[in-house]
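As you go down the protein sequences, you meet chains A and B in turn. Residue 1 is where the first sequence starts when you use this note's numbering, and the numbers rise one by one after that. Residue 1 is where the second sequence starts when you use this note's numbering, and the numbers rise one by one after that.
Simulated from the structure, these hints should not be mistaken for lab results. Any given hint might turn out to be false.
[Unchecked claim] Computed far set for chain A versus chain B, every beta-carbon distance over 10 Å:
| no. | residue |
| --- | --- |
| 1 | G13 |
| 2 | G20 |
| 3 | A38 |
| 4 | G44 |
| 5 | L45 |
| 6 | M56 |
| 7 | A58 |
| 8 | I61 |
| 9 | Q83 |
| 10 | T92 |
| 11 | A99 |
| 12 | L102 |
| 13 | G108 |
| 14 | T113 |
[As the list claims (entries may be wrong)] Quick look at which bits of chain A chain B covers, simulated, 3 or more residues with Cβ under 8 Å:
| no. | segment |
| --- | --- |
| 15 | 2-9 |
| 16 | 22-34 |
Glycine included, C-beta positions come from ideal geometry on N, C-alpha and C.
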Amino acid sequence: MLNLLSNVLIFSGACLLVRGIRGFRKLERVRLRRFVAAIVIYAGLFAYWMYGFDSMRARSILASLAISALMAAAAWSMGAGVQPGDRLVYWTTASFYAATALAAGLRGIWFFTAAPHACLFSPYPVEFVSIGVVNLASLGGAFGCASPQT
Amino acid sequence: MADLDLFTLNFVTIVNAYLSSGAMYFVSRLNGTTSGMTSCAAAGFLMATGLLLRRSAILCRLIC
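Model the full structure from these sequences, guided by the hints.
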């Protein structure tokens, strides 16, 4: 149950991040009901692969690809239509989100191809890359959003 | 060793996410700026809490 809750929290946070970045950039907001629907579908699929048909691989692929899609959306929202004077800051920030999308996507594809053992730690190289990029993105996001818009 | 390294890195990530979100929230309050930035800070808190719960669940399973 804690596993399901934690993954839904992370997915909801990523949805809120995309919504927040779009608000910050004064872009057209995605309707809240779409995010709620996405969260419900995600939670349903995750619960199915946890309680209905237990598959750690399917859950890992779902979580990775979902985060990858949301981070790609965050990168696009951060980097699209930026004034020339702001490009250095915003495109750098967007590139951190894009790198996170790439790392999460690669992690998802890796889980498709590999046969991971049900190890609780999963100390595979792809995890180290993923964690490193997430750290950069959280720092970069804070700095990028803190910079004033011209 | 790699297991421990990964576990430590995960907790560093969680602390980093909390600090970054806190900084973002603090700056948004200082500037009195858009709700977008507050949403980003809230998103960071949610994701960090999710990561913390996930790691705690694994730790509990290992200890118990």
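*Would you assess whether L45 of chain A, listed as outside the interface, keeps its beta-carbon beyond 10 Å of every beta-carbon in chain B?*
For L45 of chain A, whose nearest Cβ neighbour in chain B is about 16 Å away, the distance exceeds 10 Å, so it holds.
*Check the non-interface label on G108 of chain A: least C-beta distance to chain B beyond 10 Å or not.*
holds, 17 Å
*Please settle this one: Q83 of chain A was flagged as non-interface, so is its CB more than 10 Å from every CB on chain B?*
holds, 16 Å
*Least C-beta distance from T113 of chain A to chain B larger than 10 Å*: Non-interface label stands for T113 of chain A: nearest chain B Cβ at 21 Å, farther than 10 Å.
*Closest CB-CB distance from M56 of chain A to chain B, is it above 10 Å?*
Consistent with the label, M56 of chain A stays out of reach of chain B, its closest Cβ about 12 Å off (over 10 Å).
*Determine whether the non-interface label on G44 of chain A survives the test: each CB of chain B must be over 10 Å from its CB.*
holds, 17 Å
_Exclusion check [I61 of chain A not at the chain B interface, CB over 10 Å]_ = The assertion about I61 of chain A holds, with a minimum of 16 Å to chain B.
*Over 10 Å to the closest beta carbon of chain B is the bar; see if T92 of chain A clears it.*
Nearest chain B Cβ is 15 Å from T92 of chain A, so the label holds.
*asked:* The output says G20 of chain A does not contact chain B. Does that hold with a beta carbon cutoff of 10 Å?
replied: violated, 3 Å
*Establish whether the coverage given for the segment 22-34 of chain A by chain B is satisfied; the threshold is a Cβ-Cβ distance below 8 Å, and no fewer than three residues must meet it.*
holds (count 5)
_Distance rule for A58 of chain A, whose beta carbon must clear each one in chain B by more than 10 Å_ = Given that every Cβ of chain B is farther than 10 Å from that of A58 of chain A, nearest at about 17 Å, it holds.
*Are all C-beta atoms of chain B more than 10 Å from that of A99 of chain A?*
Per Cβ check, A99 of chain A is outside 10 Å of chain B; nearest 15 Å; holds.
Going through the hint list in order, the structure does not satisfy hints 1 and 2.
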